[in-house]
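Peer 1: Take the given structure of chain S and dock chains V, P and L to it, following the hints.
Number of protein chains: 4
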Amino acid sequence: MILFTDAVVAIAVTLLVLPLVDVVPEVAREHRPATEVITGHQPEIWTFLLSFAVIIRLWLSHHKAYQHVRAYSTPLLLCNSAWLLAIVVLPFSTEMVGVFDSSRFTTGLYIGTVLVAAGLQAAMYLIIRSDPEVASQDNPVPGEFVLGPVTATVLLLFSLVVALAVPTVGYWALLLLLLSGPVEWAWRRRRAVAEA
Amino acid sequence: MILFTDAVVAIAVTLLVLPLVDVVPEVAREHRPATEVITGHQPEIWTFLLSFAVIIRLWLSHHKAYQHVRAYSTPLLLCNSAWLLAIVVLPFSTEMVGVFDSSRFTTGLYIGTVLVAAGLQAAMYLIIRSDPEVASQDNPVPGEFVLGPVTATVLLLFSLVVALAVPTVGYWALLLLLLSGPVEWAWRRRRAVAEA
Amino acid sequence: MILFTDAVVAIAVTLLVLPLVDVVPEVAREHRPATEVITGHQPEIWTFLLSFAVIIRLWLSHHKAYQHVRAYSTPLLLCNSAWLLAIVVLPFSTEMVGVFDSSRFTTGLYIGTVLVAAGLQAAMYLIIRSDPEVASQDNPVPGEFVLGPVTATVLLLFSLVVALAVPTVGYWALLLLLLSGPVEWAWRRRRAVAEA
Amino acid sequence: MILFTDAVVAIAVTLLVLPLVDVVPEVAREHRPATEVITGHQPEIWTFLLSFAVIIRLWLSHHKAYQHVRAYSTPLLLCNSAWLLAIVVLPFSTEMVGVFDSSRFTTGLYIGTVLVAAGLQAAMYLIIRSDPEVASQDNPVPGEFVLGPVTATVLLLFSLVVALAVPTVGYWALLLLLLSGPVEWAWRRRRAVAEA
Numbered sequence: 001m002i003l004f005t006d007a008v009v010a011i012a013v014t015l016l017v018l019p020l021v022d023v024v025p026e027v028a029r030e031h032r033p034a035t036e037v038i039t040g041h042q043p044e045i046w047t048f049l050l051s052f053a054v055i056i057r058l059w060l061s062h063h064k065a066y067q068h069v070r071a072y073s074t075p076l077l078l079c080n081s082a083w084l085l086a087i088v089v090l091p092f093s094t095e096m097v098g099v100f101d102s103s104r105f106t107t108g109l110y111i112g113t114v115l116v117a118a119g120l121q122a123a124m125y126l127i128i129r130s131d132p133e134v135a136s137q138d139n140p141v142p143g144e145f146v147l148g149p150v151t152a153t154v155l156l157l158f159s160l161v162v163a164l165a166v167p168t169v170g171y172w173a174l175l176l177l178l179l180s181g182p183v184e185w186a187w188r189r190r191r192a193v194a195e196a
Numbered sequence: 001m002i003l004f005t006d007a008v009v010a011i012a013v014t015l016l017v018l019p020l021v022d023v024v025p026e027v028a029r030e031h032r033p034a035t036e037v038i039t040g041h042q043p044e045i046w047t048f049l050l051s052f053a054v055i056i057r058l059w060l061s062h063h064k065a066y067q068h069v070r071a072y073s074t075p076l077l078l079c080n081s082a083w084l085l086a087i088v089v090l091p092f093s094t095e096m097v098g099v100f101d102s103s104r105f106t107t108g109l110y111i112g113t114v115l116v117a118a119g120l121q122a123a124m125y126l127i128i129r130s131d132p133e134v135a136s137q138d139n140p141v142p143g144e145f146v147l148g149p150v151t152a153t154v155l156l157l158f159s160l161v162v163a164l165a166v167p168t169v170g171y172w173a174l175l176l177l178l179l180s181g182p183v184e185w186a187w188r189r190r191r192a193v194a195e196a
Numbered sequence: 001m002i003l004f005t006d007a008v009v010a011i012a013v014t015l016l017v018l019p020l021v022d023v024v025p026e027v028a029r030e031h032r033p034a035t036e037v038i039t040g041h042q043p044e045i046w047t048f049l050l051s052f053a054v055i056i057r058l059w060l061s062h063h064k065a066y067q068h069v070r071a072y073s074t075p076l077l078l079c080n081s082a083w084l085l086a087i088v089v090l091p092f093s094t095e096m097v098g099v100f101d102s103s104r105f106t107t108g109l110y111i112g113t114v115l116v117a118a119g120l121q122a123a124m125y126l127i128i129r130s131d132p133e134v135a136s137q138d139n140p141v142p143g144e145f146v147l148g149p150v151t152a153t154v155l156l157l158f159s160l161v162v163a164l165a166v167p168t169v170g171y172w173a174l175l176l177l178l179l180s181g182p183v184e185w186a187w188r189r190r191r192a193v194a195e196a
Numbered sequence: 001m002i003l004f005t006d007a008v009v010a011i012a013v014t015l016l017v018l019p020l021v022d023v024v025p026e027v028a029r030e031h032r033p034a035t036e037v038i039t040g041h042q043p044e045i046w047t048f049l050l051s052f053a054v055i056i057r058l059w060l061s062h063h064k065a066y067q068h069v070r071a072y073s074t075p076l077l078l079c080n081s082a083w084l085l086a087i088v089v090l091p092f093s094t095e096m097v098g099v100f101d102s103s104r105f106t107t108g109l110y111i112g113t114v115l116v117a118a119g120l121q122a123a124m125y126l127i128i129r130s131d132p133e134v135a136s137q138d139n140p141v142p143g144e145f146v147l148g149p150v151t152a153t154v155l156l157l158f159s160l161v162v163a164l165a166v167p168t169v170g171y172w173a174l175l176l177l178l179l180s181g182p183v184e185w186a187w188r189r190r191r192a193v194a195e196a
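Residue numbers (the numbering used here), protein chains in the order written: chain S, 1 to 196; chain V, 1 to 196; chain P, 1 to 196; chain L, 1 to 196.
There could be a bad hint or two in this list.
Quick list of in silico lysine to any residue cross-link-like pairs, SDA-like style, CA-CA up to 20 Å [said to hold, decoys possible]: (1) L:K64 <-> P:N139; (2) L:K64 <-> P:L77; (3) S:K64 <-> S:L126; (4) S:K64 <-> S:G181; (5) S:K64 <-> L:Q137; (6) V:K64 <-> S:R70; (7) V:K64 <-> V:T39; (8) P:K64 <-> V:K64; (9) V:K64 <-> S:P75; (10) L:K64 <-> P:F145; (11) S:K64 <-> S:A53; (12) P:K64 <-> V:S73; (13) S:K64 <-> L:V134; (14) P:K64 <-> P:Y171; (15) V:K64 <-> S:A71; (16) L:K64 <-> L:Q137; (17) V:K64 <-> S:Y66; (18) P:K64 <-> P:A135; (19) P:K64 <-> P:N139; (20) P:K64 <-> P:S103; (21) P:K64 <-> V:T74; (22) L:K64 <-> L:E144.
Derived by calculation from the structure, the hints in this document are not laboratory data.
Isolated chain S, as found in the complex (with noise of 0.2 Å):
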């Protein structure tokens, strides 16, 4: 299972690349500058690179989850198939908002994209950590195990509406994501207040 999954996750993250290299037999095509493939073409070079850290970050925090586990249930396997489901249609949301004029469609299906993945990572997080069956022994799971992806998903939450209010703050809105840091110590901080 994990095998499969980091294939799957590794293909994803490589493919991102593919339209970009697609663009410069184009470019040439047309006689212009070797430039331009980079000036003509900073949208698609900025989410290519969004991308990238948004599944590197999806895959590590997959593979902090998965070193708690020792056997798989259904309702594990099944939010996984969902998660993959949700990197491979990552390129396909990278192509649209790199490609298209910023707008709330576009964006609202890019952070859409990697809300549904993030919220799947915090369900097999609290899978985890509730099911016995599911989790390890040897290495059980820490305290504030879901915190941070559940912290994340919400976050990615309140992107998607600041995207789809204010739509010329576009995919910008995922700097959201940064107050996760904040977030999880204010988080701490009230928990230990509460526990003093």
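Peer 2: Chains V, P and L in isolation, oriented as in the chain S frame:
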């Protein structure tokens, strides 16, 4: 073998999205709105989702079977190679049903590819169960090991017959697979009655 | 090393289908019937199937050889890298024989690529057998370890000569590989007679 | 982590052939001879071979380094992710030097990508050597562990300077890498003299 098989399946499932990615710059070049990528290509999107589910399903079943394998016999290697061929062909059959209007030919090709994969899977289950050189002893094959894949193969055969006989049904004929639950239940019940 | 090699071969074998997938929207754009994807592209389909079989065959042989390897020497790593290059080039040679009319040049390129891969495989078998630093001791190399790959290489060399001498034969010259069974049998017999 | 990295590198190295595969039907459509795929696209073929060698070389060095790793620190994960980005971008840079006439811009982009990958590799070697939490204890880091990757990085920096200063040199500036053998030898000698 497992590693190689997993990698091939992972690539095939991820390649399914490429035709959808290719549609994006085409629509953009003709200055049509971004929503048209979705609204104007619904058949491709549905077949993408269907094939994603089909490949994941086949892989899960394959994965389950090979947990009971300790060594590879020549018939098993041949079946697995032919199964991989069916998996590699599936993105092609998917593109055929997605791009062309539904017809006896395209639906037959699509269901036929899935049927071949399922039939080879059933054959692998039979080989694993019957050959003591192949079957693992630590993790012995359970009693109704071959019931699932054989039922799926028979139902796919019915789907193919229905799709060829009534072309308007198209690949909805695959919904017959939903009967696999009841059929397996009926089979177990009949056997339990016979044994009693 | 094995993992990396398996992944490269798995990708190469799956990429073989991409040119066939690309044909589908082309035929559809010209409003020709779906059956023409098959009837009008038979050479591509046959070469796809041939190359699928060639790569799977090469991989099985590679897999068998590396079960006797416990450490990698520099010559083995170099041969393996060059072998991977031949595997990666094979989808290109496949496209050449599939798209162009059969000619001395395209057939020579195709059989040449397979010959290089087979020759490097034979070289790897020889390295594994002869270098005690490389060969596994738990799983020692069997007596006639190099007979198969050397026979295949010699027969491929004959195929190349035939294909270049009689261009109308095309890649059917590869059918000479069917002689590998009889040749290996004759070799073993001769040796048994010599030893008796 | 290793598994994921291997898969990404394997895909990137295999994707290098795709632009060559795409050339085939283009040449055929214009009814030009098959030999023209080779004769008319020599720059693409050379850069394909060069990039194949570069990626295999980087991977072998990466593989060697990670045999001394027992756990991942955050800096190591970040370097590895950035290294993967450079690997994923390499097929794009390859296409740029292959398709456009050699210029300061394209050569700089290509050597720059390789330099970034080599620099990150040197950084990973330094992290592995210096962080006792990361380095394996069963398989301790050898004395001159970082000499190779640091030499390669410095020589690539020189290549980049030469290629930017004398554009006609093009990516032949990479031949400076052949000096890595003599440079490492001189370094070891100087150190041996200093110690004596």
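Peer 1: Could you run down the list of hints and mark each one as holding or not?
Peer 2: Each hint tested on the structure:
Between the alpha carbons of K64 of chain L and N139 of chain P the distance comes to roughly 25 Å, so the proposed pair goes past 20 Å and is violated. Of the pairs offered as hints, the one joining K64 of chain L and L77 of chain P holds, with about 12 Å between alpha carbons and a cut-off of 20 Å not exceeded. Distance restraint check for K64 of chain S and L126 of chain S: the Cα-Cα separation of roughly 13 Å lies within the 20 Å cut-off, and the hinted pair is therefore satisfied. Of the supplied pair hints, the one linking K64 of chain S and G181 of chain S holds, its CA atoms being roughly 18 Å apart against a limit of 20 Å.
As the CA atoms of K64 of chain S and Q137 of chain L are separated by approximately 23 Å, the hinted pair breaks the 20 Å bound. Taking the CA atoms of K64 of chain V and R70 of chain S, the gap is near 16 Å; set against the 20 Å cutoff, the hint holds. With a CA separation close to 38 Å, the supplied pair K64 of chain V and T39 of chain V exceeds the 20 Å bound. Pair hint K64 of chain P plus K64 of chain V does not hold up; C-alpha atoms about 24 Å apart against a cutoff of 20 Å.
This hinted pair checks out: K64 of chain V and P75 of chain S have alpha carbons roughly 16 Å apart, not beyond 20 Å. As the CA atoms of K64 of chain L and F145 of chain P are separated by approximately 29 Å, the hinted pair breaks the 20 Å bound. Under the criterion of a C-alpha separation no larger than 20 Å, the hint pairing K64 of chain S with A53 of chain S is consistent with the structure, at around 16 Å. At roughly 13 Å between alpha-carbon atoms, K64 of chain P and S73 of chain V fall within 20 Å of each other, so this suggested pair holds.
Under the criterion of a C-alpha separation no larger than 20 Å, the hint pairing K64 of chain S with V134 of chain L is consistent with the structure, at around 17 Å. Annotation: proposed proximity of K64 of chain P to Y171 of chain P is violated, straight-line Cα distance about 27 Å (limit 20 Å). Taking the CA atoms of K64 of chain V and A71 of chain S, the gap is about 13 Å. The hint holds against a cut of 20 Å. With a CA separation close to 15 Å, the supplied pair K64 of chain L and Q137 of chain L stays within the 20 Å bound.
The suggested pairing of K64 of chain V with Y66 of chain S holds, with an alpha-carbon distance near 19 Å, which does not exceed 20 Å. In summary, the hint linking K64 of chain P to A135 of chain P is supported, as the alpha carbons are separated by about 13 Å, within the 20 Å threshold. At roughly 11 Å between alpha-carbon atoms, K64 of chain P and N139 of chain P fall within 20 Å of each other, so this suggested pair holds. Only pairs whose Cα atoms come within 20 Å are accepted, and K64 of chain P paired with S103 of chain P is rejected, the gap being roughly 35 Å.
In summary, the hint linking K64 of chain P to T74 of chain V is supported, as the alpha carbons are separated by about 13 Å, within the 20 Å threshold. With a C-alpha separation of about 13 Å, the suggested pairing of K64 of chain L with E144 of chain L holds against the 20 Å cut-off.
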